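**Student:** Chains as they are written, first to last, in my numbering: chain L, 5 to 298; chain H, 9 to 422.
Rather than coming from a laboratory, the hints here were simulated on the basis of the structure. Note that the coordinates shown come from a computational prediction; the quantities given were computed from them, not determined experimentally. Glycine is no exception: its CB is placed at the ideal position from the N, C-alpha and C atoms. Errors might be hidden in some of the hints.
[Said to hold, decoys possible] Keeping only pairs whose Cα atoms sit at most 27 Å apart, straight-line, the calculated DSS-like set for lysine-lysine is:
#1 H:LYS215 / L:LYS71
#2 L:LYS71 / H:LYS227
#3 H:LYS288 / L:LYS71
[Claimed, not checked] What follows is a set of in silico ranges between Cβ atoms, one per label pair, in the way DEER data are often shown:
#4 H:THR23 / L:HIS30: 55 to 61 Å
#5 H:PRO210 / L:GLY205: 55 to 61 Å
#6 L:GLU263 / H:PRO220: 52 to 58 Å
#7 H:THR137 / L:ARG280: 42 to 48 Å
[Claimed, not checked] A partial selection of chain H residues facing chain L, derived with a Cβ cut-off under 10 Å:
#8 LYS16
#9 PRO19
#10 PHE45
#11 LEU71
#12 ILE79
#13 ILE85
#14 ALA88
#15 SER95
#16 GLY112
#17 ARG245
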Amino acid sequence: MERLRVEEPAEIEIWEEFPEELDLEHPTEWALRGDRLPHIWCSGCGIGAAVNAFVAALKQAEIDITKLCVVSGIGCTGRVAGYMNCDSFHTTHGRAIPFAIGLHLANPDLKVVVFSGDGDIIAIGGNHFLHAARRNLDLTVICVNNFNYGMTGGQSGPTTHIGGRTTTTPYGNPEYAFNLPLLAAACGAVYVARWTILDLGRLRNSIAKALQKRGFSFVEIISPCPVNYGRRNQIGDALDELRYYKENTIHNPEAPLEECDLSLRGKIIVGAFVDREKPTFLDLYRQVVLSRWE
Amino acid sequence: MVATTVRKRRPAILTGEHFMLGDHACAEGALAAGCRFFAGYPITPATEVAERMAERLPEVGGLYIQMEDEIASIAAILGASWAGAKSMTSTSGPGFSLMMENLGLGIITETPTVIVNVQRAGPSTGLPTLVGQGDMMQARWGSHGPYEIIALVPWSAQECFDLTVRAFNLAEEFRTPVLVMTDAEVGHLTEKVVIPPADQIPIVNRKTPTEPPERYRVKSWDEELIPPMPKAGDGYRVFVESLTHDERGYPVMHWTAQERLVRRLIKKIQANRERILDWKERDIEGAEVVVLSYGISARVATRAIAQAQEKGIKVGSFRLITAWPFPVERVREIAGKIKGFVVPEINYGQMVLEVERAAAGQCRVLLVPCAGGRMHEPEAILEAIVAVAEGRPYDPFEAASAWLSAKPVKGRED
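Next comes chain H alone, as it looks inside the complex (with noise of 0.2 Å):
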């Protein structure tokens, strides 16, 4: 057996102010938040967060294992959480495909967990090691069939740790799998970090059923919108389905029961929606242009709402927080007041959509598009803004065009 020195146990909760790795501030929120059980599969930019977390989870009494895969990571996930621990993985986009279908079981199943995707170039390989935000839609729609998903978007390490915090929080009281949807840039971020103590972060535990086995009757989701969920092992013999099933939890193969069910796991969120909503706004108020982004994007967009406000240009900015659900209503009130929105995003045209949708023909909704690999240069977002505040044309093809032509393609081949 190997030699070991005794280490001496650091708390679950390292209150205090930190320089820290944004992954590493995702691992910390997490085990401030109770996860007790990681199962994860090495990936860049998301290793930091399983390495962190192979590092702290046996000193506060709890297991990370390293799974074959990143389907077999979720799956174990699901089954910890069933067996009453919080429970995460974290991933990148390969793996993030990966893990759809049993995202897909976590959403109909109604089991708690937090998936942190740390965001990097694609399709496919991509560039491993470089930034991108191209897995917005597929964190809303990716997995197969109807169903709502709760998306938090960090842009700093200290909300790496706070919105991490918070995904735990919310997947517990609603019992769902929640996203964590970071991106290389954040993730690699050093910076500061403030953990408060213990009292002062809000922890949310899952309902489970107050009567003893031998008396719970399961209730019916008329009264019930999201049912108390027991643990395996203390009586309730529960039975979890993936097929369409009724409140026993027993398949249904019926058109009705597929309705009943998929309108209520919708429900539990929509329903909620003005809890679960976040966002930060400013000068919004007499603004002509508003700049609405997220991650590192909105990172990089307030140099450009700088530089603009220099030149005498009334800009707002909107940074999303809850990605899903989206502040519609909001945005669409914003709308009415603006001559755009200016929507910089690391993908060709994502949650740009979602803004169109919710600006509905009031305003121009100009997407500064980048494929991946760096952030925006934050000129490409003020040349959007001056277009929107003067009336001119704007093609986000073209103006990324441009951009690309002033960078002649270089790096080295692999």
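Extracted from the complex, chain L is given alone in its bound form (with noise of 0.2 Å):
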């Protein structure tokens, strides 16, 4: 499996005088609605970074913003979409990706990403993701894994660490969470990555990876919910999580999957788990289905 590396930052120019009208473009200002700024996310929240990193991946793996389409559900993560500024849909509960499915099927010149959270995505619309990883439908599927129902008020979901503590698990939580990378690629995810949103260098070059990927290409994001999660869980504020981010990651992409669960406090395994080529769903609907007639 091919390592990613991270690119030498380019030399700073710093001014000697400061210039009296600065007209630069902001890095992301090409693909965000700029009319809808500021956005919604506390202070210290990790999906500005996601977004931030999503839209130099864009760039880099040269995607045509007008193809585009980024598909949320609803949360926090799931305002992503809107403030895109490509074919954007804010939909339903869970429901982004078959949503996303729909405009796939209907139109394959299109480039369609579901951007939102872990609960949408994993507890809610578990069965679709399941089902879009099997069939290897040509989406991407970026998720922001906070740990917790940020949008609500910080309540417990399927990805809540045994004994994290949210305001429907205030004795800490019992249940075992689930282990995306494992999930997304035991259901036949052709491409499956989790990253911090510390790594932002990494998690660019992986999104850009996802993007280019011919089939379901699968993203996982873990990110600070310090007004929620971190305060409840003693993680502290979201530099406090970061520098827990710095400390605890380790890259290991060859890692097997079943040792890539999370713990509170635990270590994060993070990496470009799973690149393969495998034919696409429409790849099989031609093959088996359109070579019936003439």
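Grab the two chains, each in its own frame, and use the hints to assemble them into the complex.
**Tutor:** Next comes the structure, spelled out in structure tokens:
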């Protein structure tokens, strides 16, 4: 498996004098609906960083933004589609993936990306996630995992760590959490990666790779939710959480996925774990179904 | 790979006379209207619609996908519609219930699509293979929040074809999901279906922006009741929003935006009621009793009407083709001239409430109920007709109980 290299930062130009008229474009401006900013996310939230990486990846992968559809469900990350200056779809809770399937299959020239949260994609929309991966539909699913339902004030979900405190697990969470890369890989995804929002360079490269991949690609982005999850679990503020990522992230794309479970205050194994080729749903549809007519 | 026989493509419109299943006629109507995307999930008694689409769509350049559930099915057809395809799904009671949330998504995002509900007896799993008409109010009010809906009710295989075509045309014209509320009996009837030549089938396509994306400006809703619908990928950078939104699709969390949006969504249907409404009436002039019904119940009622007429009772009939919107004005007008309406339906009183509302106390309105699993006995409808004609009291529950005790419960226990 190809290891991704973090690019050296370009030399920073320092002005001798501050120019009187500064007419610079923000690097994400071309892809965002500027008139919708500022966004709704709390300070310290990781979703903004995830969007930055996504926009950089769009440029890197040379995606034609007029052919790009971003589909979100409901929740904090569910708001991403609405800030993207492309064909954007803010759908119902959990149903971003099937909505995206309709877009993709009715016009396979579209580049369809589902950008949503862990509650949306894995809890209420979990069934759709399994089946979209199984069918190897040509979709990119980006899931920001902040371990709880942020929009509604921090409730537990299928990604909450064992023992994690949320408003609905006031004594700690007694449930096992899903290991998302393992789940995606088991269901048949052709590209599976996990990064934290601290890993911006790798994250950007990885999303770019996912966008270029034919078939079902999945990127999990571990993100702080300092207002809800961080605060209730003594993780501290956003910077403390980033420090925790820095000290506990292990980049190991070769790691067996069964060992990539996440735990409160435990190690976070990141990497592009799966990168394989197989025919997509439409490849098989052409091969099996359409070949039967003259 | 499986050995393949090369097949010859049949056209999308199978012009000619057919001996065809009602469910299949729905599928053929969809194809004739230009439907090229179907997402569905098997459910009795609607499965034949999906099966027919699975067989036919690939040969006409369309695509059938079987989803993991009905929620995914309706979400997928909404997505497909935004990619420019005419899309459809079909289902029955339990699946229809699952679709309710995303029916609302289709309404608030003004997405043209068609949902066929081949009604069976409920609640819950109920009698999967047997008839019901218990989803008529769910069709009207099933998704949360205030909205208007269009629902058509066929009573024959021919109308399964015709009304599915019309459902697509209405969906495209008014940018809204349209429901075809058929039932297990109509869906499973095999009878004559005439499919006209392509040039005799009226087709409506959605209005799209006339300006290129760089010059396209969203107009105010005050100028435009039904905005044009750009297609994803055409450069218009559409913003399709399930939250309360403004003309651009931008969410606005304020009651004023809610009032503007919801009022327009309702108005675009209500202001066009006259053009949407459709019904068939017979022998209304001089009638003392009018049997108002729809779907298979209206068909059963024709026997009761004939029996009553033989007895010398002046009976007219009024058959709903659009259940929603409901022809309030005409029903009200008739109510002022007759002794009463008799409303047989395979539920315990749904459309009858609308008849009562329209009649506004001007005449009697008798429900002839039936819980489902069977059609009415024509004699049960006749009994109500006679009660109205002779001014005798009539209790729908007692009448239904009498029919039940005449036929003791039997059937296999599963």
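**Student:** Taking the hints in turn, state whether each one holds.
**Tutor:** Hint-by-hint comparison with the structure:
1. At most 27 Å may separate the alpha-carbon atoms for a hinted pair to count; H:LYS215 and L:LYS71 meet this at roughly 21 Å.
2. This hinted pair checks out: L:LYS71 and H:LYS227 have alpha carbons roughly 24 Å apart, not beyond 27 Å.
3. Between H:LYS288 and L:LYS71 the CA atoms are separated by roughly 47 Å; this puts the pair beyond 27 Å, and the hint is violated.
4. The given range of 55 to 61 Å is respected by H:THR23 and L:HIS30, whose C-beta atoms sit roughly 58 Å from each other.
5. Look at H:PRO210 against L:GLY205: about 58 Å separates their beta carbons, and that is inside 55 to 61 Å.
6. The supplied range of 52 to 58 Å is met by L:GLU263 and H:PRO220, whose beta-carbon atoms lie about 54 Å from each other.
7. For the pair H:THR137 and L:ARG280, the supplied restraint of 42 to 48 Å holds, since their beta-carbon distance comes to about 44 Å.
8. With 10 Å as the threshold, the beta carbon of H:LYS16 comes within range of chain L, its nearest partner Cβ sitting at about 6 Å, so the hint holds.
9. With a cut of 10 Å, the hint placing H:PRO19 at the interface with chain L is violated, because the nearest CB-to-CB distance is about 13 Å.
10. Nearest Cβ of chain L to the Cβ of H:PHE45: about 5 Å, under the 10 Å cut. The hint holds.
11. The beta carbon of H:LEU71 comes within 5 Å of a beta carbon in chain L, closer than 10 Å, and the hint placing it at the interface holds.
12. Satisfaction of the interface hint for H:ILE79 is found here, the shortest Cβ-Cβ separation to chain L being roughly 6 Å, below the 10 Å cut-off.
13. Against a cut-off of 10 Å between C-beta atoms, the interface hint on H:ILE85 holds, since the closest Cβ of chain L lies about 6 Å away.
14. The closest approach between the C-beta of H:ALA88 and any C-beta of chain L is roughly 4 Å, which is under the 10 Å cut-off, so the hint is satisfied.
15. Hint status for H:SER95: holds, given a least beta-carbon distance of 7 Å to chain L, under 10 Å.
16. Given the 10 Å rule on beta carbons, the hint for H:GLY112 holds: about 8 Å separates it from the nearest Cβ of chain L.
17. The interface hint given for H:ARG245 holds, since its Cβ lies 6 Å from the closest Cβ of chain L, which is under the 10 Å cut-off.
Comparing the model with each numbered hint stated earlier shows that hints 3, 9 do not hold.
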